[in-house]
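**Student:** Residues per chain are reported as follows:
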Amino acid sequence: MEAVRTERPEGPRIAQIARRQGCRPDALIEVLHQVQELHGYLPKTALMQVARELRLPLSRVQGVATFYHLFRLEPPTPHRCAVCLGTACYVNGGAELARALETRLAVRLDDPAGDGLWTLQPVSCLGACGQAPVLVVDGAMVTRLAVDDPVRLAQQLEQAGLPMAPGGVS
Amino acid sequence: MTGGQARLRCCDASGCRSVGSGTLLAALNQAREGLGLSPEAVAIQPVGCLRSCGQGPLVAAEAADGTFSLFGTLTPELAAPLLEQVAGPAPRSPSPLEAHWIDPAHPFFALQQSVVLEGCGRINPESMEEARALGTYGQFLRCLQELTPEGVREQVKRSGLRGRGGGGYPTGLKWDTVALQPPGPRFVVCNADEGDPGAFMDRSVLEGDPHRLLEGLAIAAFAVGAQKGYVYVRAEYPLAIERVRLAIRQARRDHLLGEGIAGTSFSLSLEVRVGAGAYVCGEETALLHSIQGQRGTPRTRPPYPAQSGLWGAPTLINNVETLAAVPAILREGGDWFAAMGTERSKGTKVFALSGAVANPGLVEVPMGTTLRTVVETMGGGVPDGSSIKAVQTGGPSGGCIPAALLDTPVDYESLLELGSMMGSGGLVVMGESTSMPGVAQHFMRFSVSESCGKCVPCRAGTVQLLQLLDRFATHQATPADLRQLEHLCQMVKATSLCGLGQAAPNPVLSTLRHFRGEYEAACREPRTCQPATGLRP
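Chains A and B, in that order, are what the protein sequence lines are. When we follow our numbering, the leftmost residue of the first sequence carries the number 304, and every step to the right adds one. When we follow our numbering, the leftmost residue of the second sequence carries the number 10, and every step to the right adds one.
Hints were generated in silico from the structure; no laboratory data involved.
Below, a sample of chain A positions facing chain B; criterion: calculated Cβ distance under 7 Å:
hint : residue
1    : Phe-374
2    : Gly-389
3    : Gln-434
For glycine and all other residues, C-beta sits at the position ideal for the given N, C-alpha and C.
Extracted from the complex, chain B is given alone in its bound form (with noise of 0.2 Å):
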């Protein structure tokens, strides 16, 4: 909100590229010249995700007086109503741009709280000098000419921030274990592999600020002492790919990689790696071998990546919102991080929430922030008024928690207790239509078609399971296949190599968990599956 100009910021994500975002920017800049209106009266800036994912395409609008609205669903003929909303001597009345007004004081808005997200939708991510107004490296810079590596892993320790891909373990640590490791190379890794049906979190923070995600990767290298890093971005995202390879070269340029940075030993060099379609490349081992050319299969830990990653060096693996959220932590330090959230959740989390919702789109929040003010609240709940059956976290790993349950705060350990997980931030609404074993039988599916094959329990229990699961999709089970599918699940689970395998039965476990009788009316005679009869011999 610089005095006196007036600015447009037109969303140029991905999920409003694909509702014409291109074509109304295009017609934006257009009006402006139509109007005879010059770029420093009105900027026309496109930026990253401006969260209300379902409106698209979506417009912020400021205009020189400050003044702020946000339009949704445009059509390039309203490129000139709202050039004049902005930088017209007066709006035209009635207004077209009535219907397509979204009220940012809605709690979908209102609600956020943007640390990870802060740059996202307000700079253009292809401009450095956006990115660096905005304070984009500055604590990179200072981390190399004020910290040292153990202070800055200090303030990471403080922060209690714990891995955001769904596992949870404590970043600070991780960074200690490799940085304590004996000298020699080590390599830092951003898993940009974001896998999950229905996550899109990772995405925005690479199409929307990818200079924020590179100073914490930056920050991350320098704090275990590595000089060189990868970032692994799966190929289904081409435009994060474009922005994040641009982001590097524009680094590049202005020495904040290279050798010797701002004046320092430090060097540092980064590219980009590209996926080819493997989900199990999300686990750390398997992308590892994937960023060396090979085959993207997992292998037994310990040991650990920290201890042995790369070529055999000591490698830091973290996923993208991580790392994206370490410059704001290292800005304002570990404690103010660490005052947000729960007891055992620090921070903020982003969430992509879709499926049968209002409002989809993409939220922050505070850790512990309950699911039903995230989906019901923010998100207005199913779009027909009915009610909401069960809300899917934590994607093919995680599991379905009951509308009965929806006050729980969302952290890592209490979505464990209920059987699903935090995951990377996927949260998929269901409604009352939603057939429970139906949403099992999906991410089995989708299991057995990313299983790697390497292990046996994963590689064949998941086609069983499936096979079980096809015969309650189709009322042919019986007694016995219940009994077979929860036993079953529990062998996959215990046995499996890698997290795929060990997770892919918790879409059933956590169904059959809050949703049994639907299993049970699924069966050939429901009557002998329930357990007043069914457990008789």
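So that you can see chain A by itself, here it is in the shape it has in the complex (with noise of 0.2 Å):
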């Protein structure tokens, strides 16, 4: 899923989104899912688009697109980590994990710029508490991280297809 960097406005697109939708103003949030979709991110463009098609304030529009934590307003780097930080994955060693992963990849934890091309996001609980500690690489899920095993650790890594930054540490 490469996500198209284009602050050119899919108008048909959006409409036909909204429409689907009925213009109902309570489908917002559903309607900025599948323009996030279209995107990758929600550029303000389409947002304003959005606005207009369900007869809403933009400020309206801005405020639910930045509450929610899943609608992103940058576009996002082409490659992305998310480390569970839930409390499984916690006890199971997932804040060392964490670490481990900001050294390895030379980004800092939670910075949505991150280096350009990876980025590092905490997530609370993907669910999968019973292989914990969980990490997921550009979509796919990474189970049962060795923490206590720093060799083991940087080969599951390596095949989980996380680069060691230049300036990284395994």
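The task is to assemble the complex, starting from two chains supplied on their own in separate frames and drawing on the hints.
**Tutor:** And the structure:
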């Protein structure tokens, strides 16, 4: 799912999405989900068009888009790693795993810009608590990470496709 | 266990999928063909959660003669031996499956009592036929044809069922309140916004037996006189969303939803609404705002949603597990349900067991079962054999229960007395190496990030609490910090607008209550924080 990086308004597509939801204001969240699927994020021009289509003030659309964690207002980096910091993962070394990833990728946890290629996001519970600790690399879940064993952990991360950044440490 | 047919039930829920049940399922189908076996001879069935999530992917194997075995941590190479096990002339010896055999008589399975999870792991969640063969929708049709809404509510009241989302409000009473509002439109809402880290009970029902949930919701709609309902599912559960949407389409196709159901005048339409990542939307008034396409901020109550909910109409909101218990209650009668559990907490409860525990997974046990039974006897304790330090219940709104109190029977009241709460049912086991101020800090970080920002005590208070907890984590804290921490906890608890803020201090308060020594030891000068010296001016 490569993100389309464009500010060019996708006029007809967004109008179609809104129409399929009956242009109902209460469908705003669903419409935003589908627009984000289209662009990879929610460009300003798209938010303006959604407001027009649903006959809502832009402030209301902007308000909803900024409230929910899953809506992105900036284009995503090409690669993303999400590390689970849910309680089960936390107890099984999730925080240590997050630190190991920060050093390996040389990006800061929860920095939306990352290094331009990778971002590292925390998530709270992916529901795979039985396989803790877990992380997700570009949509694929990697489970049962060996936090106590640096050598095996490095192998697992390598296999998951997480590169060693130039300044990174395994 | 149909006569003569062998059956392999392969767990196809998110937990097992994340460890490769998809490829295993494909390998099983391929191996069946390779061995020249027909689907009539061996049925290969994708099913919902088989409970023992830590040992996934799991397969339950039933031979034609009814012999049952369970296998875990399977790989695609074991597909052929699995088929031979149930349908071969003679299983290989020594069997490559030996190391994968799981004892179904282990207390983890033997002590379970499936009511809500009755169909979970037995049926293909995407098959309406299998759901109906197990009796799903039978009670809904009986309600329409034989019972009155009052009669249905009476059974639910008799059952003593209480809200399983954490609050524990009596379900029958809530249904009455909605039903007895002045005439006009009403709504039913299923709260499937299971956001507590470490909780996956509702997800298992949504993924494993979605028709049971729809039946419960339809019965609720009949009992309160609603014609429109919503299932609000968090966006983080894509498989659950897909399966509930499919189930709604199937039910509509079979005229179990829609206009004039089963020749009666009762109509019901259901719709899935997907969240967008906001923990606070599990709070009922925030959830209603979100369904209306607004920011998920809570509002003051009263009026309660039962009086004024979606678009100002009376709205019934129940959690997934609550609704999924309803069909069995009607089938067996309210008294049957009330015979299980304790004096004030009836029936069974589903728990998601995780953390430092040998057998993580899903367990359904009667209310009143002790924590020790669940985490030690069933869960097997800490994997390396060391002792359990605490069990966390109730997620970010709950607390840590120390090992010394593990003999507490689990019910709503007993957990509250210990400064924790039932919550939705996540049980996270913690070993000796887990720092309790660290756990409190972990939950507070979560509350800071999930506070919606509407009221000051929660928005600013949680940030201040986290900063104080950070000082303990770095051994910078002073006696004044410890006092400030307790004071601020009480204030945030007393003055926040909704449950999120009111409960956010609970992880701190409960660890302070049961593990105060760890906070004192985490001070810059531990001696000064201890009561003997610390309290003197």
